[in-house]
Amino acid sequence: MAYENPSEYINHHLTNLTYGRHPDLGWKLAESGSEAAEMGFMSIHVDSMMWSIGLGALFLFLFWRAGRKATSDQPGGFQNAIEMILEFIDDTVKQVFHGKTGPLGPIALTIFMWVLLMNSMKLVPVDLVPFTLEQFGVGYQKIAPTTNPNVTLGMATFVLMMVVYYSFKVKGFGFIKELCFTPFNHWLFIPVNLFMELVGLLSKPLSLGLRLFGNMYAGEMIFILIALMFSAGFLLWPLAGGLQFIWAVFHILVVSLQAFIFMVLTVVYIAMAHEDH
Amino acid sequence: MDMVYLTVAIIMGLGAVSAPFSISLLGSKLLETSARQPELAPALQTKFFIIAGLVEALPIIGVGISMYLIFVVA
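In the order they appear, the protein sequences are chains B and X. For the first sequence, my numbering gives the first residue as 1, with consecutive numbering after it. For the second sequence, my numbering gives the first residue as 278, with consecutive numbering after it.
Please note: incorrect hints may appear among the correct ones.
Covered stretches of chain B (in silico footprint by chain X; criterion: 3 or more residues with CB under 8 Å from a CB of chain X, positions within the stretch not fixed) [to be verified]:
| hint | stretch |
| --- | --- |
| 1 | 7-20 |
| 2 | 201-215 |
| 3 | 251-263 |
Here's a subset of chain X near chain B, in silico, CB distances under 8 Å, partners left out [claimed, not checked]:
| hint | residue |
| --- | --- |
| 4 | Phe-326 |
| 5 | Gly-330 |
| 6 | Leu-331 |
| 7 | Ala-334 |
| 8 | Gly-341 |
| 9 | Tyr-345 |
| 10 | Phe-348 |
What follows is a list of derived Cβ distance ranges for each label pair [unchecked claim]:
| hint | chain 1 | residue 1 | chain 2 | residue 2 | range |
| --- | --- | --- | --- | --- | --- |
| 11 | X | Leu-321 | B | Leu-201 | 25 to 33 Å |
| 12 | B | Trp-237 | X | Val-350 | 26 to 34 Å |
| 13 | X | Phe-298 | B | Leu-236 | 31 to 39 Å |
| 14 | B | Phe-250 | X | Ser-299 | 14 to 22 Å |
| 15 | B | Phe-41 | X | Val-281 | 19 to 27 Å |
| 16 | B | Leu-60 | X | Ser-299 | 31 to 39 Å |
| 17 | B | Gly-139 | X | Phe-298 | 40 to 48 Å |
| 18 | X | Val-281 | B | Phe-250 | 25 to 33 Å |
| 19 | X | Leu-308 | B | Val-138 | 43 to 51 Å |
| 20 | B | Phe-234 | X | Lys-324 | 44 to 52 Å |
| 21 | X | Ile-287 | B | Gly-174 | 39 to 47 Å |
| 22 | B | Asn-5 | X | Gln-322 | 41 to 49 Å |
| 23 | X | Val-281 | B | Trp-247 | 22 to 30 Å |
| 24 | B | Lys-94 | X | Leu-321 | 13 to 21 Å |
Treat the hints as calculated values from the structure; they're not laboratory data. The model shown is predicted, which means the values in this text are computed figures rather than measured ones. For glycine and all other residues, C-beta sits at the position ideal for the given N, C-alpha and C.
Kindly generate the complete structure, drawing on both the sequences and the hints.
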C-alpha cells in the first residue's frame, strides 16, 4: 500500500482497526478512517482491545509463573527481576499510603506493569506490525493501546470508581457530607461546595488519563514522522536511523516514567480517599 | 481550515513557554538541595521525576491534542 503523500501515511498509522455497525453497511471492519468515524458509538477498536488484553494476560502469566516457581534458596534471574519490581512498588506504596494497604499493593503493581507493557509497545518500529498484518489483509493496526484515548480514559475512569468505592467504604455517608460541606460549613453553600468538590474529584482522573494519552500520542507521532523521513531519499537514512534510535532511548525514560506516575497518582488518589479532612 | 495551524501554534507555544520554566525551577532546587545534602539526592531524584511528570502533564496534553488537530481534523 504505497502512500502518495505523507499525511495519508500518517493518517493510516493513526486510525485504529475498528469493527462496528455502519449505518448502512451493517457490521463490518471499517476500511477507512471516515468509515470508522461514521460508525460512531457502535464500534470497538479491535487492535487496542487485543493488544491491551493480551499484554494484561502476559503480565498475569509472567507474575503467576514467577510466584509459583519462587524458591528462596536459589532464586533465578527472572525471579530477582520480579522481586525487584515488587519491592520497588511496595516501598513506593508504603511511602505514600500509611494505613493498612490491603489490596492497594497488587492494584499498584498491576497498574504499573500493565501500563509499562502497553507503553513499551511503542518502542517496536512503527511499520513492523502494521505492514506485516497488511499482508494478511488487516488494513489498520495501532499496536500501542495507550495511544488510544479510549484506553487511557477508560483506565482513569476505573481509578475514579475505585476512589469513590474506597471513599464510601472508609467514610460511609461522611463522604457525601464532606462533598457538601467542605469549603463552607453551612447548608446554604451546598451547591457551591458540591460544584467545587465535584470539579476537583472529576479533574483528577481526567488529567490522569489525558496525561498518559498525551505523552504516548505525541511520542508515537514523533516516531511516525521519523519513519516518514526514511521515505525522503537515500541520503536521509542514517540521519533518520540515528534520530529514531535517540528518540527511542529517550522514550524508554518517558514510557517508564509515565507508567510510574500513573501508578503513584492512583495510589495517592486512593490514599486521599481514605483520609478525611 | 488553516486556522487549525494557528491554534496549534498557540497551544504548543504556550506549553513550550510554561513547561521549561517550571522544570528549570525544579531542577535548580534539586541541584541546590542535593549539593547541600548529598545523602538525600536519590530520594529527591525520584520525587523530582514524579513532579516533573506532573508538571509536564498539561503541555504534553496540549501537544497531544494539537497533533490530533493537525493530522486528524485538518
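We went through each hint and held it up to the structure:
1. 7-20: It holds: at least three residues are needed, and the stretch 7-20 of chain B offers 4 whose Cβ sits within less than 8 Å of chain X.
2. 201-215: Coverage by chain X holds here, the residue count being 6 at a Cβ distance below 8 Å.
3. 251-263: Contact hint for the stretch 251-263 of chain B vs chain X: holds, 4 residues under 8 Å.
4. Phe-326: 6 Å, holds
5. Gly-330: 4 Å, holds
6. Leu-331: Check passed: Cβ of X:Leu-331 comes within 7 Å of chain B, closer than 8 Å.
7. Ala-334: 4 Å, holds
8. Gly-341: Because about 3 Å separates X:Gly-341 from the closest Cβ in chain B, which is inside the 8 Å limit, the hint holds.
9. Tyr-345: 7 Å, holds
10. Phe-348: 5 Å, holds
11. X:Leu-321 <-> B:Leu-201: 25 to 33 Å: Hint holds: Cβ distance 30 Å, inside 25 to 33 Å.
12. B:Trp-237 <-> X:Val-350: 26 to 34 Å: 32 Å, holds
13. X:Phe-298 <-> B:Leu-236: 31 to 39 Å: Holds, at about 34 Å.
14. B:Phe-250 <-> X:Ser-299: 14 to 22 Å: 19 Å, holds
15. B:Phe-41 <-> X:Val-281: 19 to 27 Å: Given a distance of about 25 Å, which is inside 19 to 27 Å, the answer is holds.
16. B:Leu-60 <-> X:Ser-299: 31 to 39 Å: With a Cβ separation near 38 Å, B:Leu-60 and X:Ser-299 satisfy 31 to 39 Å, so the hint holds.
17. B:Gly-139 <-> X:Phe-298: 40 to 48 Å: At 44 Å between Cβs, range holds.
18. X:Val-281 <-> B:Phe-250: 25 to 33 Å: Given about 28 Å between the Cβ atoms, the range holds.
19. X:Leu-308 <-> B:Val-138: 43 to 51 Å: 50 Å, holds
20. B:Phe-234 <-> X:Lys-324: 44 to 52 Å: With a Cβ separation near 47 Å, B:Phe-234 and X:Lys-324 satisfy 44 to 52 Å, so the hint holds.
21. X:Ile-287 <-> B:Gly-174: 39 to 47 Å: About 44 Å separates the Cβ atoms of X:Ile-287 and B:Gly-174, which means 39 to 47 Å holds.
22. B:Asn-5 <-> X:Gln-322: 41 to 49 Å: Between B:Asn-5 and X:Gln-322, where Cβ atoms are some 45 Å apart, the hint holds.
23. X:Val-281 <-> B:Trp-247: 22 to 30 Å: 25 Å, holds
24. B:Lys-94 <-> X:Leu-321: 13 to 21 Å: 18 Å, holds
Checked against the numbered hints listed earlier, the structure breaks none of them; every hint is satisfied.
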